[in-house]
Amino acid sequence: MSFVATEFLLFVAIAAAGYYLIPKRFQWMWLLLFSYIYYSSSGIKLLFFLLFTTLTTYGAAIWIEQVNQQQSDDKKKIGKKKRNITIIGLLLNFGMLALLKYVNFGIVNINHILHTDFTFPDFLLPLGISFYTFQSMGYLLDVNWGKCKAEHNPFRFALFVSFFPQLLQGPIGRFDRLAHQLYTEHSFDWERTERALQLILWGFFKKMVLADNAGIFVDRIFGNYQTYPGLSIFAVLLYSAQLYGDFSGGMDVVMGIADLFGITMDDNFRRPYFARSITDFWHRWHITLGTWMKDYIFYPLSLSRPMNRFGKFARKRFGKNIGRTLPICIANIVVFLVVGIWHGAAWKFIVYGLYNGLIIAFSGLMAQNYRKWKQALHVNEKANSWMVFQILRTFLLVNISWFFDRANSISDAWGMMKNALTHFNPTELFAIPMGESGIGFTPVGLGIIIFASVILFIVSVLQERGICVRSAIAAKPIVIRWAVYLFLIFALPVLGQPPSATGGFIYAQF
Amino acid sequence: MEKLLEILEDIQPDADYATCTTLIDDGILDSFAILSIVGELEEQLGVEVSPADIIPANFNSAQALWDMVQRLQG
Amino acid sequence: MRNSKKAILVVLFLVICLAGNSILTFCFYPYNYARIDMHNIETKAYDDIFLGSSHGKCGINPLVFDSITGQKSTNLCMGGEYMQDVFFLAKEAVRNHKPQRIIYELDPGYWVTKPSQGMEYTSFYQEFPKSLVKVQYFAEKIMKADFRSTLFPWYVYRQFFFKVLDNVKTKTGPVYKTYDPAPFSNDAQSYKPEGFIYRNKIDAPKTEENLMLWNKAQLQQDTVDYFERLVNFCDQKQIELVVITTPVPTETYQKYQRAYDNAHDYFTEYMKSLKVPYYDFNHLPLDGFDKSLNAYADCEGHMYGPTAELFTQLLAEYLVNKRTLF
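Residue numbers (my numbering), protein chains in the order written: chain U, 1 to 510; chain Z, 1001 to 1074; chain F, 2001 to 2326.
It is possible that part of the hints are untrue.
Stated by the list, open to error - List of simulated lysine to any residue pairs, SDA-like, C-alpha gap at most 20 Å:
#1 F:Lys2163 with F:Asp2265
#2 F:Lys2005 with U:Ile478
#3 U:Lys75 with U:Leu124
#4 U:Lys81 with Z:Ser1050
#5 F:Lys2005 with U:Trp190
#6 F:Lys2163 with U:Ile439
What the hints assert, rightly or not - Here are some chain F residues the structure puts well away from chain U; computed CB gaps all over 12 Å:
#7 Asn2003
#8 Asn2021
#9 Lys2144
#10 Thr2150
#11 Leu2151
#12 Val2156
Unchecked claim - Stretches of chain U that chain Z covers, calculated by requiring three or more beta carbons in the stretch to come under 8 Å of a beta carbon on chain Z:
#13 8-21
#14 35-43
#15 142-148
#16 152-159
#17 174-182
Keep in mind the hints are simulated off the structure, nothing from the lab. We treat Cβ as the ideally placed atom computed from N, Cα and C, and that holds for glycine.
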């Protein structure tokens, strides 16, 4: 069910209403039922994959706990057994994900290199497989490391894996923060419901008014970049707007829906375009993916024995500073390679990941040097001008990465970047028709994009300063509150774009 | 403890390790710094830190770090 | 006390939204000839009903058809009428008065694309009177639509604010209540009795703008499913189902011959397997019919009025004589 479909709104309304009408001890079961109904709507046969991950992870976690409780003096043996069970669980589930998502890519490349002609059936990607697989594997690793206890009730565990608001685009939750919320009893709360509905409305505003309108230009220019050489810069800026509006808007809808049930999901966005460095950017953009990578790949990889040995070698070879930083840099590059691959089975995503990884790794290696240079140049790190410089610099670096993310191929990305440096012609924008409304409405469309961006910018600045905009509005007199809500509600049809045949949220394809 | 403070000052100077209890929460130590610290702890103090130990509770203050080191030294 | 005050405020807010929405629908949602088409099948009995795309709308004149068959027919084709709409229109027609035959004008382009949720998306649905068929139509089509199409049906017309006064005048005047087709006649075309759109020969560039070519790789399973539901439905109700494809201009056919021939092969095979008679007029002889671009308003295949009337005559002769297909 698409988030923007009427049936989804009805589905959520019924789920939420029923949740508070039934006896509280059945609430989590109600959520489980609705999560499975939601999942089945994408195709009953695809339930197999969800159940596969649920059962294998549930089983592996229980087994690990049993092994752990064995009376044995040989801690190492127990540890090894636990590790092996974990590895089986990881291989089964990530293997399934790889099979469905990446085998075709692998085969295409093998064929290219070896001039062979292998084929592999094209599978339909089960809904949310990237998200629920990562979330479940995080749980398995947490159980292995003793960070959380295994869940013994298979149905409760099934709810953790399948909780419907987060299936489509995340956030990737953690068992110790999410599970107990899913299982406790919740009472109806007017204020919380009101806040949730406001958040959902705001999310749709970002998606429909900003992202969809920007998307019209982005699709057109990235689809035929040679036709619009003067628009590369605009294409990538509009994509910045579209991706942010779409993804963070989708997140707001997800969090608002979860909020309706009294469940608080982890933040996934924190005004990413105000980031001061690429590292900071990844603490603000798709936060739960970043923290997942950090906790389950970055740290374990950095602290692994092979990496330790490499670290010792590097210290001898390159000295203390580089020696201790190099293993971390390499682990970081691996992490971002995975991030890149997570985005899709294409070389451009690998480049995208590497680009981010190399920048962070490089700045890690140069950290001490940067400190020295800043001192020598008497840079005041607390000055506003320095902060603005950092933000703009990071925004530029991020936009370069967007070329690789959005362009149809690596060569297209290069072509567009070349154009960005050699051509600049904003008037070409007016040759792009505004969907069904036609070219006459292109200026209006651009105006709407600017208008929505300004609103978003103001709200973001306020939030960055620590002001809760929703509370501020809630504190205003009723006429103003209602004016804001009515504006947002009617902005969706008036300022939004009717969906094309490819409508829907961008991240829902993972 | 002094050794620990030396390590901290070397990796991330300009922080108040004597009194600060929000080194992680306030973003003073990022993941690169954390791992560098862990690397030094292993190299200089012979302490083996596992991923499960890398939680804010163990890194938010120099004291918490020292407690963890002592625990891991056995 | 506090709870009931909250509840009252919520209800009041919803009332404001609904009221505003109704006003906007009244002002922006225009008088559409789908209203006349629906009125036809609600109030009159027909032997033959044409369903399909805008090619059929502009290509088949029911009165000419009737003059040869001696029966009564009506043209419910429309641009943007996808298989799902065809199916529900058929159901609705049967609910009022069962026709003897349904003639489905098949445009292969409609089988390889998804409908866009624009101006035509809810045209017919809005004109359906309340019934179980409408409920089913709602559940299968409108529920899956973007919630704005459902809750704010006026929004696809939002850019036509300059027409608001006209809309209000039309809807409050006699034209709307008497199903007068006069507003749909202009220099380029006119709405003729029984749903036929007569395209006038005007001086306008002939484009390929909306041409949708057949591409088997993009065949939509939804479309196939609804077609088979239509076949079963007609079978159940003992309605004869005939499928036709109107001819495209020779120039277009030659330019994209591969696509048109592939479509021909696919549908001939497919209709044969379902035992549904299929007439692809790109491949059948049409005596005295000019297939050149001169006879069409555009490259994709909308016929001028006189062309359409000749085509309808030939179509009727085919169906009456049931000239051999294979």
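Hints and how they fare:
1. This hinted pair does not check out: Lys2163 (chain F) and Asp2265 (chain F) have alpha carbons roughly 46 Å apart, beyond 20 Å.
2. Restraint check: the Cα-Cα separation between Lys2005 (chain F) and Ile478 (chain U) comes to about 13 Å, which is no more than 20 Å; the hinted pair holds.
3. Restraint check for Lys75 (chain U) and Leu124 (chain U): the C-alpha separation of about 44 Å exceeds 20 Å, so the hint is violated.
4. For the suggested pair Lys81 (chain U) and Ser1050 (chain Z), the alpha carbons sit about 17 Å apart, so the restraint of at most 20 Å is met.
5. With a CA separation close to 12 Å, the supplied pair Lys2005 (chain F) and Trp190 (chain U) stays within the 20 Å bound.
6. For the hint pairing Lys2163 (chain F) with Ile439 (chain U), the CA-to-CA distance comes to about 19 Å; that is within 20 Å, so the pair holds.
7. Not every CB of chain U lies more than 12 Å from the CB of Asn2003 (chain F), the least distance being 8 Å, so the non-interface label is violated.
8. Chain U draws Asn2021 (chain F) into its interface by the beta-carbon criterion, the shortest separation being 9 Å against a cut-off of 12 Å.
9. A Cβ of chain U approaches the Cβ of Lys2144 (chain F) within 12 Å, the least distance being about 5 Å, so the stated non-interface status is violated.
10. Residue-level check failed: Thr2150 (chain F) sits 4 Å from the nearest beta carbon of chain U, not beyond 12 Å.
11. Leu2151 (chain F), annotated as away from the interface, has a beta carbon of chain U within 12 Å; the closest lies near 7 Å.
12. Against chain U, the non-interface label of Val2156 (chain F) is violated: not every CB pair exceeds 12 Å, the least being about 6 Å.
13. Remark: the region 8-21 of chain U is not confirmed as covered by chain Z, as 0 of its residues place a Cβ nearer than 8 Å to a Cβ of that chain, below the required three.
14. Counting residues of the region 35-43 of chain U whose CB falls under 8 Å from any CB of chain Z gives 0; the rule of at least 3 is not met.
15. Remark: the region 142-148 of chain U is confirmed as covered by chain Z, as 3 of its residues place a Cβ nearer than 8 Å to a Cβ of that chain, reaching the required three.
16. Chain Z is given as covering the region 152-159 of chain U, and this is violated because 0 residues of the stretch bring a CB closer than 8 Å to a CB of that chain, at least three being needed.
17. For the region 174-182 of chain U, the proposed coverage by chain Z is not satisfied: 0 residues have a C-beta within less than 8 Å of a C-beta in that chain, short of the threshold of three.
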